[in-house]
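Novice: So you can see what is in the structure, the chains are spelled out below.
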Amino acid sequence: MVVVVGAGATGLGVAWDLVLRGVPVTVVDAGDLGHGTSGRFHGLLHSGGRYVVSDVAAARECWQENQILRRIAPSAVEDTGGFFIEGADEEGDFAAEWVAGCRAVGLPVSDEAPARLRGLVPEVRRDLRRVFRVPDAVLEGFRLLHLLRRNIVKRGGVVLTHTRVARVDMTGGRVVGVDMEGPGGRDRIACDVLVNAAGPWAGTVSQLYGDPIPLQLGGGLMLIFANRHTPVVVNRLSPPGDGDILVPHQSVAIFGTTDVRQDDPEPPPVTRAEVLRLMASGRAMFPTMDSWRVLRAFTGVRPLYQPADGKGEAGSRRVTRDFTVIDRVRDAGVVAVVGGKFTTFRAMAERTADVVARQLGVSAPSRTRTQLLEAGVSRAADSNGPVVCECEDVATAALAPMTAEPLSAWRTPTWLAMGPCQGTFCLHRAAGLRRQRASAAHVAAEVGALRTERDRGFTSVLWGANAQEWALNRAVRAESLGEALP
Amino acid sequence: MFDADDACLKCSLCVTACPVYREDPQFPGPKVLGPEWHRAALALPGLTAADHVDDCTFCQLCEAACPADVPVAHLIAHHKASQAKSPVVRLRDAVLARPHLMARAPGLAGLGGPPARWVGLSVETRRPRPQPLRWPAEPAATGARGIVALFVDCFTRAYDGGAAEAASRLLKAWGYAVRWVPRESRCCGAAAYAAGQPATARRIAAATAEDLGVNHGVQAIVTLNATCDGTLRDEWPRYFHQDVPAPVVPFAAFALAEAPPAFWDSLVASPSGLVFVHTTCRAKVSQGEGALLALARRAGADVVERLDVECCGAAGSYAFKAEHHGVAQRLGRRAAGQVGGRSGTLLVDSGTCALHLSQMTGLYAEHPARWLDQRRRGSEANLGRSTAARRT
Amino acid sequence: MTPGAVTVVGRGPAGLFAATLLAAAGLSVHVVSSSSGTLPLWSGRFNFRDWDQGMVVDNPWDWWMEHGEQHFVGGTARARWRRLWSIWRAVGQQLGMDSAIPERNRWTVTPLGRRRPVFWTPPWELALDRAPVAVAVVGLEGLLDFEPELVADGFQGPGAVRTLRLPWPPDWHRGWNTVRWGAFLDTGSGADWLEQQLVRALGRGPAGELVVLPQVLGLSRTDVLHQRLERRLDRLVREVGLAPPGLGGMRLEARWTAWLLSSGVQMHHGRVRAIRDAGGITLTDGRPVGEGPVILATGGILGGGVCLSADGTGVDAIHRRLLGQLAEGDDPARALQWGLVLGDGGVAGRQTAGCDPDVHGDGGAVCLWTAAEAVDRVVPGLVDRLSRIGTVEVAVLDVSVRGPQTHKEAQRV
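Residue numbers (the numbering used here), protein chains in the order written: chain A, 1 to 486; chain B, 487 to 878; chain C, 879 to 1291.
Just so you know, nobody snuck in bad clues.
Some, not all, of what chain C presents toward chain B, calculated at C-beta under 8 Å:
#1 913
#2 914
#3 1136
#4 1164
If you're looking for bench data, these hints aren't it; they were derived computationally from the structure. As the structure is a computational prediction, the values presented were derived from the model and not from experiment. Just so you know, even glycine gets a beta-carbon here, dropped at the ideal spot from N, CA and C.
If we strip away everything but chain A, and leave its shape as in the complex, we get (with noise of 0.2 Å):
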């Protein structure tokens, strides 16, 4: 039995790959599918061509992986295509360097008149100087999580959410059981090898086993946008940087991103300055930005693998300088995996599972490159019935399957609660039918719990339409629903 800490892309990618080579997987995480970094990125499946000049091998990986994601998990990624734009205020040539970077990578990137972007974008600055179409794509990230484990669970192997790993045994020098604690209380389960895919918690869970990893982590915010307003990625043209990427999201924009060092694995607060200055970026590359409606602002945490020589220790294989697979100590049955992008989540997962496969002794190759990640029912389907979520169109029907499970958990398989209104006129609706299958007291819970966590996108953005939103969502809740605000 090997378990997996991380219910993120590259957990649940650990434990797909692990459990198509046939090997009993189960997946632990102390909250909620992508709760870490996973679910709090921009969305954006690279083509690559962010990385052509400052890290050649990475590109080349995204490109490969952006073509397998495409082919294994079609129903989680959007075609927009990409843009890469260059402002006629940029200085030096990097256009030059960035155009020979995405050959030597074989990256497919074709001149673009200006004007066909503006088609597309209107709200595209004005001056561009050049414009260069990319295989960018949107990745649905939640949607391919819960693919991933809807897949995982079909073949046999397990994954439990809000579960904690309290302990880990090893007996002997090995491995040999983890001890967690989950909703039904605290269990023990045998195992073999541990893969620590906790991400930016990958340090916190490395001491349970005695082999502390160092990581570096660093504090990235993003902002959604109430509506689409692109229907392609549009990248700036520069040498990666904060706040040069604006993603459609189905019915959303992200803007995205800054990088700030920090020492929390939790995400950082959202700060008004940090906000502003992301804002200030988003103008260069569209001058009417201030105007489009912030829905939320959230961080994510990027972990990276540090060690204090800088340059690596025996026992790690640097396979980009993006991300790491981690055995140092021989036969103790951990693997860690640290670092890495939500686009190459699954060569990552093909790494780490061939390291946990030798020391299983299992020979069966990966299969994840080709094997197609098989999708649930149909949005189509979902909107029969009443309306709860009016902003997303989730029926009841869409939620039936789910009613069983807390709020918290109905939130990203559908977008409820997600929407301009962030719960204020689906909430109660959604209690109403969780009412059928949970008690008062819980109900009351997790109205309570999934109202904080909506709170904290949503109260660091207030200006506009945005702050009128949220005086109507707190009335609601006070006068109409009766109840007690924080």
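Add chains B and C to chain A, keeping to what the hints say.
Specialist: Positioned in the frame of chain A, the structure of chains B and C alone reads:
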């Protein structure tokens, strides 16, 4: 597309203001058809139009109710543009979207029987009868109180010429030189926009702006139709990208603000009978409500009653379309219920609303300018009689 | 000098109340607003004071006697509160909603099944001072805003509670919200449908049973339907206020504006750009509107009277004057209390009193008090002299006040 098109709070105040939502069980309402559809269409290019979007009357009460300035009605108008329609209906709509051309052949409005049915016109809805106006000779260069332009809209021009003549007489009596504009039959663009043809609407409005003939020295453009009034003043700058050369003022508001006290004092002598007033939906949006009531009271009407109706259902050419007959009837029935068979005069500053409401309620509907002018003439006659009586 | 005309900006409850006082006193009144007021969002109830630091306030009369000074100038004046609520009762009567002014807070149940205190409610709304002997909570299939099981949680106690659900009516489709339900029940066929369904579903039921329905009993024919159901079922029928839109508030607003218009008040639609020295205001399109002194009842952040910017500053929407600044880490709820103070041209609205109606449940009291204060600034003594609202005489209440401290009997929510 527009400022604040992403600002929807989902509060549903637009839905509470929508007259069609209340009368038509199948109508999805302004929030769904406007901001929600717009947001979805951005994410799903080529999204087909929602059923019943065409049932929107474009009264704009939704937009006026919105606390976040979302252009709800205009988003719906653009949504309408994505509907697929049969060639015959497209032809009918193209004609109805150009009322200024209809006005050049006013008799066409009488089209009935099988031809009307074939093109999808409601044969039950009352149609206007031609009543052309007498275009005046060049006015005096200026009056004692200056110059105003009288915007002679296409409906007035073809079917209610007397209203323009009455307004002109009153404005002159108040000391203004009156210049009638535009010279040719032109449309502000409201009909085309309402029918979901924004691009056509802008072309029509641009031609009208070109031809308006309002030059320096004109203090105000006085309008006779509440819809044209709002379109020129509010929508031209925001949605048509068209400037308006002078302040646009509806006749009733102009009368209340500018008619001299002596004029009002002269009116109290003649009895009026029961007077109803209806503030059209578009007047509520672009002005508010209460001016017509104030005008009727100021003019000494004995008993004035306000029709408590959001939109009467006429909505320009909406009620003329066969597929809208049912909703138009249901909307109009609210007025009929309130009037309850009583007889009286209904003041309303929109020709199509006047037609529809007179058909629904049995009231005699007329333009406030005509009514006021009649009261003036009646008072003068009374005064004449009493002066004559004193003399003898 | 008493002005002959006054302009009120805003048509929420405070704006309409100010207009009512002025119109009742015979002044010429103009109301200017850029959107529909917020009344149609809520159930139509007017709260006095519901909570104090998370505790239910049992007797709001006494609470204000004790704490009013912190919020309103002269806020401890009993006579003033009696007068304002007496006027409010007269307004209700004039609008066909004769509800008594209670001596203490009562309670209602919310769609989430929570008990919450209420003070003045329109006659159709659920407001109880003791637990009913038996309750039937009746939901409507497809109306997810009211889940009977959840609402029934609010009635846990000695009485018998049962939950029922009526099936879809013939024309129902998934887009029906409460307004559509209300419009349906306004029709003859809708009323017949509801009556038949209720009779069939409820049966005889225990004696004294209270029937609780979601607030969808019509928009314009509520009174008729309500009486008809109570007669036919031989039981009290009460509505639970739902999440917005609120049919109770819609009914109240429709009656109120209709009455104001018929009383000669002029309503103008447009956004205010400036207040004119000569009286009245100028709209953003340049039109001059209204006359006389101006009362601002522009509401807070939701109503658009206070505009928050990305940098954390808040300005008032008309003068563009800085009202406050949120610093990094500040609780944004602070911004809800920003506003103009009386004397800046007169203002009504919750922010002037430093109240937070979401936390305190005192929205009704704040509207009445601040609107009356603003009116008194413009026409001194008007509120105390007012003897009628339309055809209804203002009968000043005789509410017994038991003296200070009594509200501390409150129990925890």
